[in-house]
Every structure is written in C-alpha cells, then in structure tokens.
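Undergrad: Here is what each chain is made of, one letter per residue.
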Amino acid sequence: MTSPDLLNLLPESAIRVNVPAENWREAIRACGEVLAATGAVDPAYIDQMIAVVEELGPYIVIAPGIALAHARPSPAVHRVGFSWIFLEHPVPFGHAENDPVRMVIGLAAPDPQSHVQALATLAELLADEACRAQLLQADTPAEVRRVVRLFAERKACAEASHLSASGGNS
Amino acid sequence: MKILAVCGMGLGSGLLLRMQVEKALQRLGRQAEVEVADIGIAHALARTADLIVTTKELAERLGDVRARVITITNFVDLEEMVRKLREALEAS
Chain A
1 MTSPDLLNLL PESAIRVNVP AENWREAIRA CGEVLAATGA VDPAYIDQMI
51 AVVEELGPYI VIAPGIALAH ARPSPAVHRV GFSWIFLEHP VPFGHAENDP
101 VRMVIGLAAP DPQSHVQALA TLAELLADEA CRAQLLQADT PAEVRRVVRL
151 FAERKACAEA SHLSASGGNS
Chain B
1 MKILAVCGMG LGSGLLLRMQ VEKALQRLGR QAEVEVADIG IAHALARTAD
51 LIVTTKELAE RLGDVRARVI TITNFVDLEE MVRKLREALE AS
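Heads up: the protein sequence lines correspond to chains A and B, in order.
Per the numbering used here, the first sequence starts with residue 1, numbered consecutively.
Per the numbering used here, the second sequence starts with residue 1, numbered consecutively.
Think of the hints as simulated: they come from the structure by calculation, not from any bench.
Accuracy of the hints is not assured; some may be wrong.
[To be verified] The calculated DSSO-like cross-link candidates involving lysine-lysine, where the alpha carbons are at most 30 Å apart (straight line), are: (1) Lys84/B / Lys56/B; (2) Lys23/B / Lys56/B; (3) Lys155/A / Lys23/B; (4) Lys84/B / Lys155/A; (5) Lys2/B / Lys56/B; (6) Lys84/B / Lys23/B.
The shape of chain A in the complex, shown without the other chains (with noise of 0.2 Å):
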C-alpha cells in the first residue's frame, strides 16, 4: 500500500513565507497554527510539539537551517498532514551546528506508516541543494509548490526511465 505522497498532504493552505517569529517557541507555534488551520490536528497538538523541544532539545532541527517539529500520534491528530513555514528572520533552536533555523516543517502522523512516503520524499528534495536554494527565495506559497512539483515529477520521470531501461534489460 501507497501513502499520501508529499504534494497531495501540502497544499498551499499549509504554506507560509515571511512568518515573523522571536524564537523557536513561536517559530514552532506559527507552524502548529498553520497545521491546525489545516484541519490535520487540533490546537492542543501545538503545544505537544513544544514540549517535545522541551522535554529533548533541539534535536528535532534534522539538517542546517531546518527543523522538523512534531510531537507522537495522539487524540490531537486528525489525519497525516504537513505545515511548511518559513521565517521572516531566522531564530537559534539551541542546536550546535545546525543553527539558526529558517524553515520549519511541521508535521501530523496518525501513526508510524501513513507518512513515510512523503517523508521520503521531503528527504530527497531537502538533499538537493538547488531545490532547497529555490525552497528558501520563495516569495509565495504557490512558487514553494511548484519546486516540490517540479521536483516530484523529475523523481517520477527519472524513476519511469530507470523501469523502463531495467525492464529492457531483462
């Protein structure tokens, strides 16, 4: 069984540029609103993800410059969903080397499965260092879209090709 892939669980809805934030707790709370608003969790998920930054530090900032907030499945989470926000000015999360972060992703999991798909897909377009160069200039939610879009389908394309010549092969 297929998940949602990233494009379908982020739409512009969950996308904000030039999010004012003092620090990471409003950082993380700007993101939960959007992800709230979204309809994938209730408000109360936004202080889950707080307290998990809390409880366990700035781990959660997983790549320089980007934080992945989230907190476990719980009654607050409605559906899998996504929140991209990304920070008029960054803001220090106390992580060593990762530090200051200027996107944050937010993220609803209902359980370990249903998001692993667009996960890794966040993971490829976040390795690739243009797509996150365009991800970071981004003056709208609709231009963040389209680099995911364009990014989604140059991954389809190069794995449709990839079938297809292996399938030749055999």
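Following the hints, put chain B in place on chain A, whose structure we already have.
TA: Just chain B, lined up with the frame of chain A:
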C-alpha cells in the same frame, strides 16, 4: 547485523535516519536490519543492536550501551551518513 535508528518519537527524524542508513548501506554494498526506536525504549532495544545511529543530543540521553553509537548532524546529507557508517563498519 542490526542497526537501531534512535529519535525522540520514533516517527519523524528516526524514519529519516532509517531511510538514510538504508541508502548508505546500499551504497556500501552492506546489509543490515534497520529498526527505528524512540528514546524511551532505545536503551532496552540497544542490547540486541550492533550499531546505533542518532543525534548528539539524544546520544547523551541514551546512557551506557554495548553497541557502537554514531551521531548524525545533517539528516539529509547522504555523504555524512555513508562516511560515518563506513567508519563504524570498518571498526567493528
């Protein structure tokens, strides 16, 4: 060989780590069973693991474990994972 990817909740960064470990293993031509664990159960599961992959912050919370621990700074940088995994596999 069993590798444990340890994160806070067991479903965000830990999943990313597992995906990266699997890609890195493929690159290195090695095979291993890769499991995700949250920090709450990681210490218990670490007893049967050969290698633990996590972050610096979470490694400090892991306590004493028999398995070798490698810490990853950039979860989307496959080169970092390949380099650290190769070193750990060569040393063990």
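Undergrad: If a hint holds in the structure, say so; if it doesn't, say that too.
TA: Evaluation of the provided hints:
1. Only pairs whose Cα atoms come within 30 Å are accepted, and Lys84/B paired with Lys56/B is accepted, the gap being roughly 13 Å.
2. Taken as a hint, the Lys23/B and Lys56/B pair is honoured in the structure, with Cα atoms around 21 Å apart against an allowance of 30 Å.
3. At most 30 Å may separate the alpha-carbon atoms for a hinted pair to count; Lys155/A and Lys23/B meet this at roughly 16 Å.
4. Annotation: proposed proximity of Lys84/B to Lys155/A holds, straight-line Cα distance about 27 Å (limit 30 Å).
5. Restraint check for Lys2/B and Lys56/B: the C-alpha separation of about 20 Å stays at or below 30 Å, so the hint holds.
6. Taking the CA atoms of Lys84/B and Lys23/B, the gap is about 13 Å. The hint holds against a cut of 30 Å.
Of the numbered hints given earlier, the model fails none.
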